[in-house]
Amino acid sequence: MRTVLQVLIIGIQNGAILSLVGLGLALVYKATRILNFAQGEMATVPAFAAYLVMTGFVVAGDPVVSKGRLWLATIVAIVFGALLGILVNMLVIRRLTAVSPVTSLVATAAVFLFFTSIEVNRFEAKLRRFPRYVEGGFRIPGVNITVEWHTIVVLVVLGGAAALLALFFQTPPGVALLATAQEPFAAELQGVPVARMRSMAWGAAGVLAAIAGLLGAGKFNNLQPALVTTTFLIPAFTGAVLGGLTSMVGAVAGGLILGVTVAAANQINTSFSLGIPGAPQLATFLVLLLVLVFRPSGLFGQEA
Amino acid sequence: MPVLEALEVSIRFGGVQALSAVDFRVDELEIVGILGPNGAGKTTFFNCVSGFYRPDTGRIFMHGQDVTDLRPDQRAQLGLGRTFQQVGLVRSFTVLENLVVAQHKSTRYNVLAGMVGAPASLREEKVLRARAMEVLDFMGLAHLHDSPIGGLPYGTLKMVETAAVLATNPEVLMLDEPLAGTGPEEGLAYCQRLKDMRRELGISIVMIEHHVPLVLGTADYVYVLNFGALLAQGDPDEIRDNEAVAEAYMGEGATSLA
Amino acid sequence: MADTVLADGALELEPAPEPDAPFRPTPRGMAARIAVLAALLALILAVPQLVPAVYVNIVTKAAVYGLVALSLNILLGYAGQVSLGHSAFFGVGAFGAGYALTKMQLPWGAALLMAALTGAVAAVVLGAIALRLRAVYFALVTISYGFVAQETLFNIRSLTGGGAGQPAPRPSLFHTDVRYAYLCIGVLAVAMLFDWRLTASRGGRAIQALRDDERVAASWGIDVTGYKILAFVISGMMAGIAGALFASIEQVVTPADFGFALSLTFVLATVVGGAGNRWGVVQGGVLFAVLPTLIDRAHANFHIWPFTSISITLEPAVEALLLILTLIFFPGGIAQQQRNLLSWLSFKRFRQPETGGGPARGGMGARP
Numbered sequence: 001m002r003t004v005l006q007v008l009i010i011g012i013q014n015g016a017i018l019s020l021v022g023l024g025l026a027l028v029y030k031a032t033r034i035l036n037f038a039q040g041e042m043a044t045v046p047a048f049a050a051y052l053v054m055t056g057f058v059v060a061g062d063p064v065v066s067k068g069r070l071w072l073a074t075i076v077a078i079v080f081g082a083l084l085g086i087l088v089n090m091l092v093i094r095r096l097t098a099v100s101p102v103t104s105l106v107a108t109a110a111v112f113l114f115f116t117s118i119e120v121n122r123f124e125a126k127l128r129r130f131p132r133y134v135e136g137g138f139r140i141p142g143v144n145i146t147v148e149w150h151t152i153v154v155l156v157v158l159g160g161a162a163a164l165l166a167l168f169f170q171t172p173p174g175v176a177l178l179a180t181a182q183e184p185f186a187a188e189l190q191g192v193p194v195a196r197m198r199s200m201a202w203g204a205a206g207v208l209a210a211i212a213g214l215l216g217a218g219k220f221n222n223l224q225p226a227l228v229t230t231t232f233l234i235p236a237f238t239g240a241v242l243g244g245l246t247s248m249v250g251a252v253a254g255g256l257i258l259g260v261t262v263a264a265a266n267q268i269n270t271s272f273s274l275g276i277p278g279a280p281q282l283a284t285f286l287v288l289l290l291v292l293v294f295r296p297s298g299l300f301g302q303e304a
Numbered sequence: 305m306p307v308l309e310a311l312e313v314s315i316r317f318g319g320v321q322a323l324s325a326v327d328f329r330v331d332e333l334e335i336v337g338i339l340g341p342n343g344a345g346k347t348t349f350f351n352c353v354s355g356f357y358r359p360d361t362g363r364i365f366m367h368g369q370d371v372t373d374l375r376p377d378q379r380a381q382l383g384l385g386r387t388f389q390q391v392g393l394v395r396s397f398t399v400l401e402n403l404v405v406a407q408h409k410s411t412r413y414n415v416l417a418g419m420v421g422a423p424a425s426l427r428e429e430k431v432l433r434a435r436a437m438e439v440l441d442f443m444g445l446a447h448l449h450d451s452p453i454g455g456l457p458y459g460t461l462k463m464v465e466t467a468a469v470l471a472t473n474p475e476v477l478m479l480d481e482p483l484a485g486t487g488p489e490e491g492l493a494y495c496q497r498l499k500d501m502r503r504e505l506g507i508s509i510v511m512i513e514h515h516v517p518l519v520l521g522t523a524d525y526v527y528v529l530n531f532g533a534l535l536a537q538g539d540p541d542e543i544r545d546n547e548a549v550a551e552a553y554m555g556e557g558a559t560s561l562a
Numbered sequence: 563m564a565d566t567v568l569a570d571g572a573l574e575l576e577p578a579p580e581p582d583a584p585f586r587p588t589p590r591g592m593a594a595r596i597a598v599l600a601a602l603l604a605l606i607l608a609v610p611q612l613v614p615a616v617y618v619n620i621v622t623k624a625a626v627y628g629l630v631a632l633s634l635n636i637l638l639g640y641a642g643q644v645s646l647g648h649s650a651f652f653g654v655g656a657f658g659a660g661y662a663l664t665k666m667q668l669p670w671g672a673a674l675l676m677a678a679l680t681g682a683v684a685a686v687v688l689g690a691i692a693l694r695l696r697a698v699y700f701a702l703v704t705i706s707y708g709f710v711a712q713e714t715l716f717n718i719r720s721l722t723g724g725g726a727g728q729p730a731p732r733p734s735l736f737h738t739d740v741r742y743a744y745l746c747i748g749v750l751a752v753a754m755l756f757d758w759r760l761t762a763s764r765g766g767r768a769i770q771a772l773r774d775d776e777r778v779a780a781s782w783g784i785d786v787t788g789y790k791i792l793a794f795v796i797s798g799m800m801a802g803i804a805g806a807l808f809a810s811i812e813q814v815v816t817p818a819d820f821g822f823a824l825s826l827t828f829v830l831a832t833v834v835g836g837a838g839n840r841w842g843v844v845q846g847g848v849l850f851a852v853l854p855t856l857i858d859r860a861h862a863n864f865h866i867w868p869f870t871s872i873s874i875t876l877e878p879a880v881e882a883l884l885l886i887l888t889l890i891f892f893p894g895g896i897a898q899q900q901r902n903l904l905s906w907l908s909f910k911r912f913r914q915p916e917t918g919g920g921p922a923r924g925g926m927g928a929r930p
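Residue numbers (the working numbering), protein chains in the order written: chain F, 1 to 304; chain V, 305 to 562; chain C, 563 to 930.
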């Protein structure tokens with residue numbers, strides 16, 4: 001029982017960030033039918049922007065990170081994230097000669113590569129300190145793992161964002177946005193400003209990504225180039241697919257479930273001394289495969 | 305023995321019964337027409353017969369052999385050829401290349417021999433090309449053999465598609481709206497060509513069409529579908545004067561298609 | 563009735579124009595083409611000897627990347643399947659060869675066959691999955707597959723030596739850098755020949771047909787499933803062989819060599835080169851293999867902007883920009899830009915009439 005609780009706690013701690021990234025992925029997909037491989041970098045780059053604000057733009061060595069400027073840095077990061085999302089859409093996605101789902105995946109993968117490279121160039125491939133909003137945690141009697149306040153923060157943000165988005169898609173502007181994704185030509189004929197709505201969607205995804213970056217870096221207490229993509233992106237995609245790529249609630253549920261599944265896989269690996277290397281990647285791959293083969297629409301999604 | 309036969313074919317999509325117990329038969333050297341308003345299930349029927357859909361009930365037979373469990377490419381191997389509503393061609397190839405690929409099933413050398421360039425495969429390639437040019441000649445398209453599919457007008461593409469299907473050496477040719485986008489003169493010429501094909505090549509033809517007078521003037525036998533069920537069947541004169549068919553097409557009170 | 567039935571059965575609505583007689587270059591044109599081809603061939607053969615010794619391994623790597631691009635082209639360009647996990651097949655081949663050479667003590671040729679086999683198997687697994695998924699979901703699965711290959715498969719110590727890596731010695735006959743470079747160039751040439759025969763025969767045609775429209779291919783009697791799997795098998799074999807060649811460049815391979823960044827590089831190389839065109843993708847592979855060195859040397863030696871600010875850490879950014887520029891402005895990649903030259907070199911007209919064929923054309927053996 002204690003192990004189960006431990007696995008649950010670790011799983012949710014990881015899954016919460018996964019869900020946050022996955023929520024952004026689901027938002028972009030729902031609004032534009034594009035799989036945004038750059039979502040991870042749309043998270044990491046604003047995190048670096050926040051870092052710069054907190055170190056007073058000092059990069060060399062191991063600069064002092066002033067927690068006093070955390071809230072200012074947060075605002076900067078969020079604005080930066082929104083702008084980044086809008087820019088990616090404007091400069092890359094809109095210009096593609098053939099916007100097929102696969103082409104956009106490859107194009108956003110190139111965007112990921114581009115930003116990662118710049119991050120390494122400017123910030124070197126090393127770990128940098130990054131603060132949390134709330135430190136410390138509490139213990140559940142009998143369990144060895146500390147439940148961190150940071151995780152609670154993430155879960156609250158997650159719940160709020162998902163609820164907001166789910167509600168938004170029920171409102172007239174939200175429905176209009178859905179129309180631009182599912183029937184762009186018809187939506188345009190109805191007078192829906194397709195291009196502007198898409199920009200808004202990307203901007204919102206950028207905001208979500210920035211928040212995910214800040215909280216993700218906070219979780220590890222450090223930041224490095226490509227952090228969000230290498231640690232979280234494929235699991236986030238898997239979680240979003242599991243939940244149903246067009247469902248906001250699904251993205252949250254999927255991410256959390258995947259987090260717990262991976263934690264369970266690790267636990268099984270150690271408890272039974274299976275010694276399987278890369279258990280998290282294997283578990284993620286198997287979940288993705290099972291979902292796509294047996295239930296492509298995911299748990300809460302409405303289309304295959 | 306009928307060349308092609310369908311018995312009690314039914315299929316349901318979600319809440320819609322797209323086909324209900326449709327019976328159908330094509331005899332040797334027959335031209336059979338399938339008529340019916342939009343949404344009657346004609347193309348769905350084609351898809352069931354050619355193997356792209358699996359009917360809920362019913363069996364399909366070719367020359368008496370039950371092919372219901374066979375894949376589309378297996379039915380093609382047995383002599384079934386079909387065209388598609390949106391022109392069915394390989395878009396990135398030229399006209400000639402399409403006709404060569406279409407002969408895939410009658411190509412004798414195996415894949416491995418082709419990959420290493422065995423002399424037998426090289427010889428056969430020449431034969432394939434020559435035969436492709438023959439078919440193009442037959443259709444009056446030889447001058448376009450090097451044109452990529454991409455730039456050609458719709459009417460020409462439909463003819464290329466017919467040429468490609470002919471190159472597959474079918475016994476039964478299923479044409480899905482072959483006259484779409486053609487004017488009355490072209491349509492008439494095409495139907496005359498179908499009759500010549502039937503005679504010259506010894507094939508049977510099934511055509512879905514909306515152009516009622518042309519079908520009634522060309523076919524030996526006609527089936528009329530409406531809302532997924534067989535509304536009427538018979539030779540063209542019977543269908544022309546069939547009140548139910550006239551109503552289905554032209555509304556209440558119509559008594560004849562003439 | 564306007565049409566007539568001619569004696570031999572041909573129908574005409576109106577007299578059809580005579581098909582163009584096939585184009586034959588003038589004797590001078592022939593001579594010019596042959597001269598240029600010979601010069602190019604001589605140049606390629608001379609490169610391993612011409613470059614400074616420290617760069618010979620880069621030449622070898624370029625040949626290997628060209629081979630990988632060729633293999634990925636079979637999936638991406640011919641079969642229309644996006645594989646963003648190609649480093650899995652590449653790595654499986656590399657470790658397969660390493661295992662055969664060190665643990666099984668097999669001769670180098672046998673190790674190469676082992677690499678081809680393991681590469682094919684790794685590809686068939688993915689191919690079987692591809693049959694059931696839509697293209698974009700399949701692309702996601704390939705990424706995940708690549709991660710599993712790197713983290714799980716390549717870390718199984720007994721098979722691959724784990725993090726310490728697997729040694730992969732060169733064949734004794736081609737032991738020096740220069741000789742090994744020639745070996746790899748030779749393998750690439752053979753592969754291109756094979757690729758040419760593939761597209762000129764029914765197997766390659768069937769694979770390309772099902773890229774454009776599976777239903778049409780099936781209606782022409784093509785076994786869609788079978789040929790999709792065939793595409794994966796051939797691609798996997800080629801990638802596996804490339805992996806084996808790669809392993810013996812540095813003569814040791816570790817799991818870290820085969821990550822997602824490499825898979826992405828391969829895809830970028832193929833797309834920038836021009837998916838569907840073998841000469842294009844090979845050039846793409848070569849370009850991306852030498853790009854890091856090019857940038858590094860330019861940064862060190864050219865003291866003007868932009869070379870001064872573009873250090874080697876920015877090389878991936880350059881790759882990414884090349885891809886995005888290709889997708890936006892030059893959809894057919896390098897091959898599309900070179901189409902007139904390539905056409906001329908294959909003994910056809912220099913400028914083909916613009917007929918609107920799509921950029922990523924597979925075509926058959928008649929064109930390069």
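Hints may be right or wrong, so weigh each one.
As a list, the in silico EDC-like pairs of lysine to aspartate or glutamate whose alpha-carbon atoms are at most 20 Å apart [what the hints assert, rightly or not]:
#, chain 1, residue 1, chain 2, residue 2
1, C, Lys910, V, Asp450
2, V, Lys409, C, Glu713
3, V, Lys499, V, Glu475
In short, the hints are calculated from the structure, not lab data.
Unsatisfied constraints (hint numbers, rising): Hint 2 contradicted; others consistent.
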